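Asker: Reading the sequence shown from the start, the letters are residues -22 to -1, 1 to 410 in mature numbering (1 follows the signal peptide of the UniProt record, and there is no 0).
Honestly, the hints are just simulated from the structure, not real lab data. Wrong hints could be hidden among the right ones.
Unchecked claim - As a list, the in silico DSS-like pairs of lysine-lysine whose alpha-carbon atoms are at most 27 Å apart:
no. : residue 1 : residue 2
1   : 183       : 116
2   : 59        : 116
3   : 35        : 59
4   : 218       : 111
5   : 15        : 158
6   : 273       : 239
7   : 254       : 218
8   : 35        : 51
Predicted, not measured: the structure shown is a model, and the values here were computed from it.
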Amino acid sequence: MKKFLAILVALLFIGFNQTIEAETEQVPLQPLIDETKPGDTLYLPPGEYIGGAVINKPIHIIGDDQVTILPGKKGPVIQVKANQVIIENISIIDQRNTNDETVYIAGDDNELKKLNIKTNGVGIQLFEANDNKLYQLKITGNKNLSLAQRGNGIDLWDSDHNTIHSSQITDVQDGVYLEKSSQNDIYNNIVTHSRYGYHLMFTNKTTLTENESYYNVSGMMVMGTNGTVVKHNELKHNLKSVQSLGLLLFDVKNAQVAHNKISHNKVGLFIENAHKNDITLNELEQNFVGVQFLKSTENSVTKNAFLANVVQGQAERSSDNDTESNFWGDHIGVDVNGDGYSQLSYQVDPFYLSLTKEYPPFQIYFQAPGMQFLEQLFHAPTDQWLSDQSPLMDNPIKSETEAKTSSIYVLCFSIILFIASTTIIYMGARKK
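All chains should be modelled from the sequences, with the hints used to inform the complete structure.
Answerer: Structure (C-alpha coordinates):
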(Lines of atoms letter the chains of each structure in order from A and count residues from 1; the text may use other names and numbers.)
(Lines give C-alpha, C1' and ligand atoms only; values in the text may rest on other atoms or scores of the structure.)
Protein backbone atom coordinates (compact mmCIF):
# COMPACT_ATOMS: atom_id res chain seq x y z
CA MET A 1 0.00 0.00 0.00
CA LYS A 2 2.80 2.37 0.92
CA LYS A 3 4.57 1.58 -2.35
CA PHE A 4 1.37 2.32 -4.29
CA LEU A 5 0.92 5.69 -2.52
CA ALA A 6 4.54 6.62 -3.25
CA ILE A 7 4.07 5.86 -6.97
CA LEU A 8 0.81 7.86 -7.00
CA VAL A 9 2.48 10.89 -5.37
CA ALA A 10 5.35 10.66 -7.84
CA LEU A 11 2.96 10.58 -10.80
CA LEU A 12 1.03 13.56 -9.43
CA PHE A 13 4.27 15.50 -8.93
CA ILE A 14 5.41 14.73 -12.49
CA GLY A 15 2.02 15.82 -13.82
CA PHE A 16 2.18 19.05 -11.76
CA ASN A 17 5.63 19.83 -13.13
CA GLN A 18 4.44 19.20 -16.67
CA THR A 19 1.53 21.59 -16.06
CA ILE A 20 3.92 24.32 -14.90
CA GLU A 21 6.19 23.74 -17.88
CA ALA A 22 3.21 23.89 -20.21
CA GLU A 23 2.07 27.17 -18.66
CA THR A 24 5.51 28.78 -18.96
CA GLU A 25 6.31 27.48 -22.41
CA GLN A 26 7.32 30.23 -24.84
CA VAL A 27 5.21 30.12 -27.98
CA PRO A 28 6.46 31.50 -31.34
CA LEU A 29 4.20 34.36 -32.41
CA GLN A 30 4.82 34.25 -36.17
CA PRO A 31 2.93 30.97 -36.88
CA LEU A 32 -0.11 32.33 -35.03
CA ILE A 33 -0.02 35.48 -37.15
CA ASP A 34 0.40 33.45 -40.33
CA GLU A 35 -2.67 31.37 -39.46
CA THR A 36 -4.86 34.45 -38.90
CA LYS A 37 -6.84 35.53 -41.96
CA PRO A 38 -6.97 39.20 -43.04
CA GLY A 39 -9.65 41.04 -41.08
CA ASP A 40 -9.77 38.41 -38.30
CA THR A 41 -8.82 38.77 -34.64
CA LEU A 42 -6.01 36.85 -32.95
CA TYR A 43 -6.67 36.39 -29.22
CA LEU A 44 -3.50 35.56 -27.30
CA PRO A 45 -4.02 33.42 -24.16
CA PRO A 46 -1.90 34.30 -21.09
CA GLY A 47 1.73 33.32 -21.52
CA GLU A 48 5.04 34.28 -23.09
CA TYR A 49 5.52 34.56 -26.84
CA ILE A 50 8.66 34.81 -28.95
CA GLY A 51 8.64 37.79 -31.28
CA GLY A 52 10.69 38.74 -34.29
CA ALA A 53 7.27 38.64 -35.94
CA VAL A 54 6.20 40.44 -39.12
CA ILE A 55 2.59 41.48 -39.69
CA ASN A 56 1.87 41.95 -43.39
CA LYS A 57 -1.94 41.85 -43.43
CA PRO A 58 -4.75 43.71 -41.63
CA ILE A 59 -5.42 41.77 -38.42
CA HIS A 60 -6.37 42.57 -34.84
CA ILE A 61 -4.17 41.16 -32.03
CA ILE A 62 -5.54 41.27 -28.47
CA GLY A 63 -3.81 40.13 -25.30
CA ASP A 64 -4.41 40.64 -21.60
CA ASP A 65 -2.39 41.63 -18.55
CA GLN A 66 -0.59 38.27 -18.59
CA VAL A 67 0.55 38.29 -22.22
CA THR A 68 4.24 39.07 -22.77
CA ILE A 69 6.14 39.13 -26.04
CA LEU A 70 9.94 38.67 -25.96
CA PRO A 71 12.49 39.36 -28.73
CA GLY A 72 13.33 36.88 -31.45
CA LYS A 73 16.85 36.18 -32.66
CA LYS A 74 17.15 39.47 -34.54
CA GLY A 75 15.24 42.54 -35.68
CA PRO A 76 12.30 44.29 -33.99
CA VAL A 77 10.08 42.31 -31.67
CA ILE A 78 7.11 43.24 -33.88
CA GLN A 79 7.14 44.71 -37.38
CA VAL A 80 3.96 46.13 -38.88
CA LYS A 81 4.26 46.23 -42.67
CA ALA A 82 0.58 46.47 -43.47
CA ASN A 83 -2.32 48.89 -43.11
CA GLN A 84 -5.22 48.73 -40.65
CA VAL A 85 -3.48 46.56 -38.05
CA ILE A 86 -4.62 46.82 -34.42
CA ILE A 87 -2.47 45.65 -31.49
CA GLU A 88 -3.70 46.10 -27.93
CA ASN A 89 -3.26 45.10 -24.31
CA ILE A 90 0.17 43.46 -24.55
CA SER A 91 3.48 43.72 -22.68
CA ILE A 92 6.68 43.72 -24.71
CA ILE A 93 10.02 43.24 -22.96
CA ASP A 94 13.11 43.95 -25.05
CA GLN A 95 16.28 43.95 -22.97
CA ARG A 96 18.77 43.19 -25.73
CA ASN A 97 22.03 45.13 -25.86
CA THR A 98 21.07 46.86 -29.09
CA ASN A 99 19.54 50.07 -30.38
CA ASP A 100 17.08 48.15 -32.56
CA GLU A 101 13.45 49.17 -32.58
CA THR A 102 11.19 47.19 -30.28
CA VAL A 103 8.13 47.94 -32.44
CA TYR A 104 8.57 49.03 -36.07
CA ILE A 105 5.70 50.47 -38.12
CA ALA A 106 5.95 51.00 -41.88
CA GLY A 107 2.24 51.06 -42.70
CA ASP A 108 -0.73 53.42 -42.56
CA ASP A 109 -3.93 53.64 -40.52
CA ASN A 110 -2.72 51.28 -37.79
CA GLU A 111 -3.64 51.43 -34.11
CA LEU A 112 -1.49 50.62 -31.07
CA LYS A 113 -3.09 50.93 -27.65
CA LYS A 114 -2.58 49.75 -24.07
CA LEU A 115 0.94 48.49 -24.71
CA ASN A 116 3.54 48.24 -21.94
CA ILE A 117 6.99 48.38 -23.55
CA LYS A 118 10.32 47.97 -21.75
CA THR A 119 13.25 48.58 -24.06
CA ASN A 120 16.96 49.26 -24.28
CA GLY A 121 16.53 50.76 -27.75
CA VAL A 122 13.80 52.66 -29.57
CA GLY A 123 10.36 51.93 -28.16
CA ILE A 124 8.27 52.52 -31.30
CA GLN A 125 9.62 53.61 -34.70
CA LEU A 126 7.33 55.02 -37.38
CA PHE A 127 9.04 55.07 -40.77
CA GLU A 128 7.15 56.67 -43.65
CA ALA A 129 3.99 55.72 -41.78
CA ASN A 130 0.88 57.91 -41.89
CA ASP A 131 -2.49 58.22 -40.14
CA ASN A 132 -1.57 55.89 -37.28
CA LYS A 133 -2.98 56.15 -33.75
CA LEU A 134 -0.81 55.45 -30.71
CA TYR A 135 -2.35 55.88 -27.27
CA GLN A 136 -2.46 54.63 -23.69
CA LEU A 137 1.11 53.41 -24.00
CA LYS A 138 3.69 52.99 -21.27
CA ILE A 139 7.27 53.03 -22.56
CA THR A 140 10.19 52.55 -20.16
CA GLY A 141 13.85 52.72 -21.15
CA ASN A 142 16.89 51.59 -19.22
CA LYS A 143 17.84 54.18 -16.60
CA ASN A 144 21.21 52.48 -16.11
CA LEU A 145 22.29 53.47 -19.63
CA SER A 146 23.66 56.92 -20.38
CA LEU A 147 21.41 59.28 -22.34
CA ALA A 148 23.58 58.78 -25.44
CA GLN A 149 23.14 55.00 -25.26
CA ARG A 150 19.36 55.06 -24.99
CA GLY A 151 16.89 55.14 -27.85
CA ASN A 152 13.89 57.42 -28.24
CA GLY A 153 10.55 56.48 -26.76
CA ILE A 154 8.52 57.13 -29.92
CA ASP A 155 10.43 58.06 -33.09
CA LEU A 156 8.80 59.40 -36.26
CA TRP A 157 10.64 59.75 -39.58
CA ASP A 158 8.90 61.16 -42.65
CA SER A 159 5.55 60.24 -41.11
CA ASP A 160 2.47 62.48 -41.34
CA HIS A 161 -0.99 62.83 -39.77
CA ASN A 162 -0.28 60.54 -36.82
CA THR A 163 -1.83 60.89 -33.36
CA ILE A 164 0.04 60.15 -30.11
CA HIS A 165 -1.79 60.71 -26.85
CA SER A 166 -2.46 59.60 -23.27
CA SER A 167 0.92 57.86 -22.91
CA GLN A 168 3.71 57.79 -20.32
CA ILE A 169 7.37 57.64 -21.33
CA THR A 170 10.40 57.56 -19.02
CA ASP A 171 14.15 56.86 -18.97
CA VAL A 172 14.68 57.18 -22.74
CA GLN A 173 16.72 59.57 -24.86
CA ASP A 174 13.93 61.76 -26.29
CA GLY A 175 10.38 60.99 -25.27
CA VAL A 176 8.72 61.81 -28.60
CA TYR A 177 11.01 62.62 -31.53
CA LEU A 178 9.74 63.83 -34.91
CA GLU A 179 11.84 64.55 -37.98
CA LYS A 180 10.75 65.51 -41.47
CA SER A 181 7.13 64.90 -40.50
CA SER A 182 4.00 67.06 -40.86
CA GLN A 183 0.64 67.59 -39.19
CA ASN A 184 1.11 65.18 -36.31
CA ASP A 185 -0.96 65.64 -33.16
CA ILE A 186 0.79 65.01 -29.83
CA TYR A 187 -1.34 65.55 -26.73
CA ASN A 188 -1.91 64.51 -23.13
CA ASN A 189 1.41 62.67 -22.73
CA ILE A 190 3.93 62.66 -19.87
CA VAL A 191 7.71 62.34 -20.38
CA THR A 192 10.16 62.17 -17.46
CA HIS A 193 13.82 61.39 -16.68
CA SER A 194 14.98 61.64 -20.29
CA ARG A 195 17.04 64.03 -22.42
CA TYR A 196 14.32 66.01 -24.21
CA GLY A 197 10.67 65.45 -23.48
CA TYR A 198 9.49 66.36 -26.99
CA HIS A 199 11.88 67.04 -29.88
CA LEU A 200 10.76 68.42 -33.25
CA MET A 201 13.16 68.67 -36.20
CA PHE A 202 12.09 70.06 -39.59
CA THR A 203 8.37 69.52 -39.11
CA ASN A 204 5.31 71.46 -40.30
CA LYS A 205 2.07 72.14 -38.44
CA THR A 206 2.78 69.86 -35.51
CA THR A 207 0.53 70.34 -32.47
CA LEU A 208 1.82 69.84 -28.93
CA THR A 209 -1.03 70.29 -26.46
CA GLU A 210 -1.69 69.36 -22.83
CA ASN A 211 1.58 67.46 -22.47
CA GLU A 212 3.84 67.33 -19.42
CA SER A 213 7.63 67.24 -19.36
CA TYR A 214 9.59 67.24 -16.14
CA TYR A 215 12.88 66.04 -14.64
CA ASN A 216 14.42 65.97 -18.11
CA VAL A 217 17.42 67.83 -19.47
CA SER A 218 14.99 70.04 -21.43
CA GLY A 219 11.22 70.09 -21.74
CA MET A 220 10.49 70.80 -25.42
CA MET A 221 12.93 71.40 -28.27
CA VAL A 222 11.18 72.88 -31.31
CA MET A 223 13.73 73.28 -34.11
CA GLY A 224 13.48 74.12 -37.80
CA THR A 225 9.68 74.12 -37.86
CA ASN A 226 6.85 76.09 -39.44
CA GLY A 227 3.31 76.49 -38.09
CA THR A 228 3.88 74.61 -34.82
CA VAL A 229 1.21 74.88 -32.11
CA VAL A 230 2.40 74.63 -28.49
CA LYS A 231 -0.50 75.10 -26.08
CA HIS A 232 -1.54 74.13 -22.54
CA ASN A 233 1.66 72.20 -21.77
CA GLU A 234 3.42 72.03 -18.41
CA LEU A 235 7.22 72.13 -18.53
CA LYS A 236 8.87 72.05 -15.12
CA HIS A 237 11.97 70.98 -13.19
CA ASN A 238 14.08 70.46 -16.31
CA LEU A 239 17.43 71.11 -14.63
CA LYS A 240 19.79 68.25 -15.44
CA SER A 241 22.25 70.40 -17.38
CA VAL A 242 23.63 73.94 -17.25
CA GLN A 243 21.95 74.36 -20.64
CA SER A 244 18.57 73.00 -19.56
CA LEU A 245 15.52 74.70 -21.05
CA GLY A 246 11.81 74.62 -20.54
CA LEU A 247 10.96 75.45 -24.16
CA LEU A 248 13.35 76.18 -27.04
CA LEU A 249 12.21 77.82 -30.28
CA PHE A 250 15.15 77.56 -32.68
CA ASP A 251 14.76 78.51 -36.35
CA VAL A 252 11.00 78.50 -35.84
CA LYS A 253 8.43 80.48 -37.84
CA ASN A 254 4.71 81.12 -37.45
CA ALA A 255 4.35 79.19 -34.20
CA GLN A 256 1.51 79.68 -31.72
CA VAL A 257 2.75 79.34 -28.14
CA ALA A 258 0.01 79.94 -25.58
CA HIS A 259 -1.31 78.92 -22.16
CA ASN A 260 1.83 76.98 -21.20
CA LYS A 261 3.14 76.79 -17.64
CA ILE A 262 6.95 76.87 -17.63
CA SER A 263 8.54 76.75 -14.19
CA HIS A 264 11.70 75.74 -12.31
CA ASN A 265 13.95 75.41 -15.37
CA LYS A 266 17.37 76.95 -16.06
CA VAL A 267 15.90 79.00 -18.92
CA GLY A 268 12.13 79.10 -19.19
CA LEU A 269 11.73 80.17 -22.83
CA PHE A 270 14.68 80.50 -25.20
CA ILE A 271 13.96 82.08 -28.58
CA GLU A 272 16.88 81.84 -31.03
CA ASN A 273 16.87 82.72 -34.72
CA ALA A 274 13.07 82.54 -34.60
CA HIS A 275 10.71 84.91 -36.39
CA LYS A 276 7.03 85.84 -36.65
CA ASN A 277 5.85 83.71 -33.73
CA ASP A 278 2.88 84.52 -31.48
CA ILE A 279 3.68 83.94 -27.79
CA THR A 280 0.87 84.84 -25.40
CA LEU A 281 -0.75 83.97 -22.06
CA ASN A 282 2.11 81.78 -20.87
CA GLU A 283 3.19 81.64 -17.23
CA LEU A 284 6.95 81.63 -16.65
CA GLU A 285 7.73 81.22 -12.99
CA GLN A 286 10.81 80.56 -10.84
CA ASN A 287 13.18 79.88 -13.70
CA PHE A 288 16.78 81.12 -13.54
CA VAL A 289 16.06 83.12 -16.72
CA GLY A 290 12.45 83.79 -17.69
CA VAL A 291 12.77 84.52 -21.41
CA GLN A 292 15.88 84.91 -23.56
CA PHE A 293 16.07 86.24 -27.14
CA LEU A 294 18.98 85.70 -29.49
CA LYS A 295 18.99 86.90 -33.10
CA SER A 296 15.20 86.78 -33.23
CA THR A 297 12.84 89.35 -34.76
CA GLU A 298 9.17 90.09 -35.46
CA ASN A 299 7.89 87.95 -32.60
CA SER A 300 4.83 88.97 -30.62
CA VAL A 301 5.34 88.34 -26.89
CA THR A 302 2.28 89.74 -25.12
CA LYS A 303 0.07 89.08 -22.09
CA ASN A 304 2.50 86.62 -20.52
CA ALA A 305 3.22 86.46 -16.79
CA PHE A 306 6.83 86.53 -15.56
CA LEU A 307 6.94 85.63 -11.89
CA ALA A 308 9.91 85.27 -9.51
CA ASN A 309 12.50 84.42 -12.15
CA VAL A 310 16.07 85.19 -11.03
CA VAL A 311 16.55 87.14 -14.26
CA GLN A 312 13.28 88.03 -15.94
CA GLY A 313 14.69 88.26 -19.45
CA GLN A 314 17.43 89.14 -21.88
CA ALA A 315 17.54 90.18 -25.53
CA GLU A 316 20.65 90.10 -27.70
CA ARG A 317 20.57 91.24 -31.33
CA SER A 318 16.79 91.02 -31.09
CA SER A 319 15.47 94.55 -30.99
CA ASP A 320 12.57 94.22 -33.42
CA ASN A 321 10.10 92.23 -31.28
CA ASP A 322 6.76 93.22 -29.80
CA THR A 323 7.23 92.65 -26.07
CA GLU A 324 4.36 94.84 -24.87
CA SER A 325 1.62 94.27 -22.30
CA ASN A 326 3.16 91.50 -20.20
CA PHE A 327 2.95 91.15 -16.43
CA TRP A 328 6.25 91.39 -14.54
CA GLY A 329 6.08 90.27 -10.94
CA ASP A 330 8.86 92.61 -9.80
CA HIS A 331 7.56 95.72 -11.57
CA ILE A 332 6.05 98.58 -9.59
CA GLY A 333 3.69 100.21 -12.05
CA VAL A 334 1.41 103.23 -12.08
CA ASP A 335 -1.98 103.11 -13.82
CA VAL A 336 -3.10 106.72 -14.13
CA ASN A 337 -6.17 106.26 -16.34
CA GLY A 338 -7.35 102.91 -14.95
CA ASP A 339 -7.02 100.94 -18.19
CA GLY A 340 -5.01 98.13 -16.60
CA TYR A 341 -1.68 99.18 -18.13
CA SER A 342 1.19 100.90 -16.38
CA GLN A 343 2.38 104.25 -17.63
CA LEU A 344 5.83 103.34 -16.29
CA SER A 345 7.75 101.07 -18.65
CA TYR A 346 9.61 97.95 -17.57
CA GLN A 347 13.20 97.30 -18.62
CA VAL A 348 15.45 94.36 -17.82
CA ASP A 349 19.15 95.14 -17.60
CA PRO A 350 20.92 91.78 -18.12
CA PHE A 351 24.05 92.95 -16.28
CA TYR A 352 23.73 90.25 -13.62
CA LEU A 353 23.15 87.50 -16.22
CA SER A 354 26.10 88.64 -18.34
CA LEU A 355 28.39 88.88 -15.32
CA THR A 356 27.49 85.47 -13.87
CA LYS A 357 27.80 83.86 -17.31
CA GLU A 358 31.43 84.92 -17.39
CA TYR A 359 32.01 84.45 -13.65
CA PRO A 360 29.57 81.80 -12.35
CA PRO A 361 30.64 82.09 -8.65
CA PHE A 362 29.16 85.60 -8.62
CA GLN A 363 25.70 83.98 -8.52
CA ILE A 364 25.94 83.94 -4.72
CA TYR A 365 25.63 87.74 -4.80
CA PHE A 366 22.15 87.70 -6.33
CA GLN A 367 20.23 90.77 -5.07
CA ALA A 368 23.12 91.72 -2.80
CA PRO A 369 23.41 95.52 -2.28
CA GLY A 370 26.86 95.49 -3.89
CA MET A 371 25.50 93.79 -7.01
CA GLN A 372 22.70 96.32 -7.31
CA PHE A 373 25.24 99.13 -6.95
CA LEU A 374 27.37 97.64 -9.75
CA GLU A 375 24.29 97.40 -11.98
CA GLN A 376 23.88 101.16 -11.65
CA LEU A 377 27.52 101.77 -12.58
CA PHE A 378 27.96 99.29 -15.42
CA HIS A 379 24.97 98.94 -17.71
CA ALA A 380 24.92 96.25 -20.37
CA PRO A 381 24.57 97.51 -23.96
CA THR A 382 21.02 98.68 -24.55
CA ASP A 383 20.49 96.28 -27.46
CA GLN A 384 20.49 93.51 -24.84
CA TRP A 385 17.77 95.16 -22.80
CA LEU A 386 14.33 93.63 -22.80
CA SER A 387 11.75 96.40 -22.68
CA ASP A 388 7.99 96.53 -22.13
CA GLN A 389 6.56 100.03 -22.65
CA SER A 390 3.07 99.24 -21.33
CA PRO A 391 3.28 96.41 -18.78
CA LEU A 392 0.11 94.96 -17.29
CA MET A 393 -0.85 95.88 -13.74
CA ASP A 394 -2.45 92.47 -13.04
CA ASN A 395 -1.50 88.91 -13.85
CA PRO A 396 -3.50 87.97 -16.99
CA ILE A 397 -3.30 84.25 -16.20
CA LYS A 398 -4.84 84.76 -12.77
CA SER A 399 -7.45 87.15 -14.15
CA GLU A 400 -8.43 84.67 -16.87
CA THR A 401 -8.77 81.84 -14.31
CA GLU A 402 -10.88 84.02 -12.03
CA ALA A 403 -13.10 85.00 -14.96
CA LYS A 404 -13.66 81.32 -15.88
CA THR A 405 -14.42 80.45 -12.24
CA SER A 406 -16.86 83.35 -12.02
CA SER A 407 -18.55 82.20 -15.25
CA ILE A 408 -18.93 78.69 -13.85
CA TYR A 409 -20.50 80.05 -10.66
CA VAL A 410 -22.91 82.18 -12.68
CA LEU A 411 -23.84 79.20 -14.87
CA CYS A 412 -24.43 76.94 -11.86
CA PHE A 413 -26.51 79.59 -10.12
CA SER A 414 -28.57 80.11 -13.28
CA ILE A 415 -29.25 76.39 -13.60
CA ILE A 416 -30.30 76.14 -9.94
CA LEU A 417 -32.53 79.19 -10.31
CA PHE A 418 -34.12 77.73 -13.46
CA ILE A 419 -34.80 74.38 -11.76
CA ALA A 420 -36.24 76.08 -8.69
CA SER A 421 -38.48 78.35 -10.78
CA THR A 422 -39.70 75.44 -12.90
CA THR A 423 -40.47 73.39 -9.79
CA ILE A 424 -42.43 76.23 -8.16
CA ILE A 425 -44.48 76.85 -11.32
CA TYR A 426 -45.14 73.12 -11.73
CA MET A 427 -46.23 72.67 -8.08
CA GLY A 428 -48.47 75.74 -8.35
CA ALA A 429 -50.13 74.35 -11.48
CA ARG A 430 -50.75 70.99 -9.76
CA LYS A 431 -52.48 72.67 -6.80
CA LYS A 432 -54.79 74.57 -9.13
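Asker: Would you mind marking each hint as holding or not holding in the structure?
Answerer: Comparing the hints with the structure gives:
no. : hint        : in the structure
1   : 183 <-> 116 : holds (26 Å)
2   : 59 <-> 116  : holds (22 Å)
3   : 35 <-> 59   : holds (8 Å)
4   : 218 <-> 111 : violated (32 Å)
5   : 15 <-> 158  : violated (35 Å)
6   : 273 <-> 239 : holds (24 Å)
7   : 254 <-> 218 : violated (30 Å)
8   : 35 <-> 51   : holds (22 Å)
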